[in-house]
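Going down the list, the sequences are from chains A and B. For the first sequence, the residue numbers in my numbering are 1 to 358. For the second sequence, the residue numbers in my numbering are 359 to 685.
These are calculated hints, taken from the structure and not from any lab test. Hints should not be assumed to be uniformly reliable.
[What the hints assert, rightly or not] Straight-line C-alpha distance at most 30 Å; calculated DSBU-like pairs for lysine-lysine:
{"#": "1", "chain 1": "A", "residue 1": "Lys44", "chain 2": "B", "residue 2": "Lys463"}
{"#": "2", "chain 1": "A", "residue 1": "Lys44", "chain 2": "B", "residue 2": "Lys634"}
{"#": "3", "chain 1": "A", "residue 1": "Lys180", "chain 2": "B", "residue 2": "Lys542"}
{"#": "4", "chain 1": "B", "residue 1": "Lys604", "chain 2": "A", "residue 2": "Lys44"}
[As the list claims (entries may be wrong)] Away from chain A, derived, C-beta distances all over 10 Å, residues of chain B:
{"#": "5", "residue": "Asp397"}
{"#": "6", "residue": "Gly520"}
{"#": "7", "residue": "Lys565"}
{"#": "8", "residue": "Val661"}
[As the list claims (entries may be wrong)] Beyond 10 Å from chain B on every Cβ pair, some chain A residues (computed):
{"#": "9", "residue": "Leu24"}
{"#": "10", "residue": "Phe156"}
{"#": "11", "residue": "Phe160"}
{"#": "12", "residue": "Leu208"}
{"#": "13", "residue": "Val212"}
Please read all numbers here as calculations on a predicted model, not as lab measurements. C-beta atoms are modelled at their ideal positions from N, C-alpha and C, and glycine is treated no differently.
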Amino acid sequence: MGQTLTSKREKNALVWFGQNWIFLFLLFLVILFSFVGRGFFSPKTLNNILISSSPALLLAAGEAFVIITGGIDLSVGFVRGLISVLSAIVMRDLYALGYSPAFAISVGIIVGLGVGLLPGLVNGILVAKFRVPPFIATLGMYGIANGFALRLSQGFPISFVPPQAREIGNGFIAYWFPGKGISFFAPPEGISGAEVRHIVGIIPYSILIAGVIIAVFSFILTRTQFGQHTYAIGGSIDAARRAGILVDRHLIKVYMISSFFAALAGVLSVLVFGNGAPTQFASSLELFAVAAVVIGGASLMGGKGSLTKTAVGVFILSVLEIGFLMAGVFPFYRYIAVGAVLVFAVIIDQVMPELVYE
Amino acid sequence: MKRSLLAVLTVSLLVLVLVGGVLAQEKAPKIAYISGILDPFQVLIGEGIKDKGAELGMEVFIAEHPKAWGPEVQVPILEAVAARGDIDLIAIVPTSQEALIAPLKRIYESGVEIITVDTYLGDGDYSTPSEWSFPLTFIGTDNFQGGVEVAHRLAEMIGGKGKVFVETTNPDVSSVVERVEGFKQGISEYPDIELVGVEYCLDVQEKAQQQVAAALQANPDIVGIFGTNLYSAQGAYQAVVNAGLKEAVKIATWDATEELIQALRAGQVDLVLAQKPYEIGTLAAEWAYKYLVEGQEVPKRIVPGFFFFTAENVDDPEAQQYIYKLD
């Protein structure tokens, strides 16, 4: 009697650990780097991680939807680049024609997000209606999106967008100046020179935009019928069909969500850097998105995954990158570390359920 | 009878060859330029060849500019130029160190001289015999030397002391690797300057921003950053501004594109190295003339200089010619 209770408790503890180890792992990394990374434990590093992770968070969140259905979307990195270039061109040209910055930026964003649905629509139709394996369908779109991006940009960044774009992309909700108080939406006035570096930004807009949208879609995934159907399709596509789910239409929507998120990442990058840049081949953005989703506990076989944990996956990759850098570790070792963490994550997800069911 | 016929034939052939030779001597040499891609830098090389060629009385043919960078687009254009049959020398920007060797060698063997400009074949060393040593010369920037000069200029801007950082793109692209190596070499001459790191952003701006922000946090006293191209410089600038260090940190970068010149005017970067595409072109035409007409020997490697843009000289009239833009 007593023994079963303990083993049950142990089992529960194991299940809990299996499900939540990545939160602990992230915490462990933060503590570790706070000791070994020079200047790591500070609000500036936090802001650095938040700002620079925003586009990756969006790519990974979209990718998570597709992976939960048992598919994969390899096109997200280049869709991001295409939309970055396209929306920057719209902003630049409207601004050059004399329209107001607000108008130019808004139209650029709307055009970018609108066109950003198209690659997903095509991917979805190919996968759902023509039964093209997702790997191939989205690999095709990978090339097509990149080709269009290079055609539009000639391989060079699109500059000369309204300078206000950068202010949105790099702004904070509030600014705290130690000893002088807080100001909202704009840095406190009358501070110049070296004093500027003491200002602490609180919640960058870029993470706010990414965070709110991911929260909405996380709600959709966990609390609505749409979300349930997404998991059901990933669990067993035939069972989902028999249960009366309109699988084809659902898959098309899921691929559109993925490319919408990629488009959002592209638009966001224009706001942060004030230019539109085609994605470079070496950057492997789609693979890092897949890695974050898998570290977040999703299975490439489908049916499993969560946006919250995917976000933790993105932060783990980001913390590894920044932490090793600040600890002075040579860059090439970081690639090794990231690879090792990815494999480690999958092993834990494989081993834990077995331990639990033993 | 037979013998006299042979003699007549031989004599007339000789006469033909001689007359032909004399005629060819009088005809102005004709040179062609084939660029790597349609962009201001490559077009400016062509402008240089055209202007200098005209000045020296040569005919210059500028081939259609490829719409994308790569041998699959460039080789058909090259073949079309060679098929004209009236070209004495081709100046080309090879879009692949390997893939252009065979087609160019074929054309060279048919009697057309080759000069490579901006980029090169093989390892770029034409002075020792090899499969790719047939071109007359390689005229282009020395990335290593450029890195050394950036180091000296940046050192001067930061007063010869403090910490510096390098944000670069890829660990496997020779041009940027050479820039970084040159920079290291240049900086090593300053005992009071410490290079605190080299990071690779893979041409992703947010990665550059993330890495520079982290480096600034770990070493808040960094005073100079070398961003080896636009993306790395842009990411570095954004990180510096977000850290409130805009006045304290100098950023040096490479290539005088309009974007970077604009960034220099806006105070986002402090030093821009400009290669001299127009001068690459004029050198190509000049050496083509010296070889074809005067019979001079051509050095296997010709290095044009650099121009450095700073906030002080960016609006000088004489500096404008070094911006990569077309009028």
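Quick rundown of the hints versus the structure:
no. : hint                  : in the structure
1   : A:Lys44 <-> B:Lys463  : violated (57 Å)
2   : A:Lys44 <-> B:Lys634  : violated (40 Å)
3   : A:Lys180 <-> B:Lys542 : violated (42 Å)
4   : B:Lys604 <-> A:Lys44  : holds (16 Å)
5   : Asp397                : violated (6 Å)
6   : Gly520                : holds (15 Å)
7   : Lys565                : violated (7 Å)
8   : Val661                : holds (25 Å)
9   : Leu24                 : holds (23 Å)
10  : Phe156                : violated (7 Å)
11  : Phe160                : violated (7 Å)
12  : Leu208                : holds (16 Å)
13  : Val212                : holds (19 Å)
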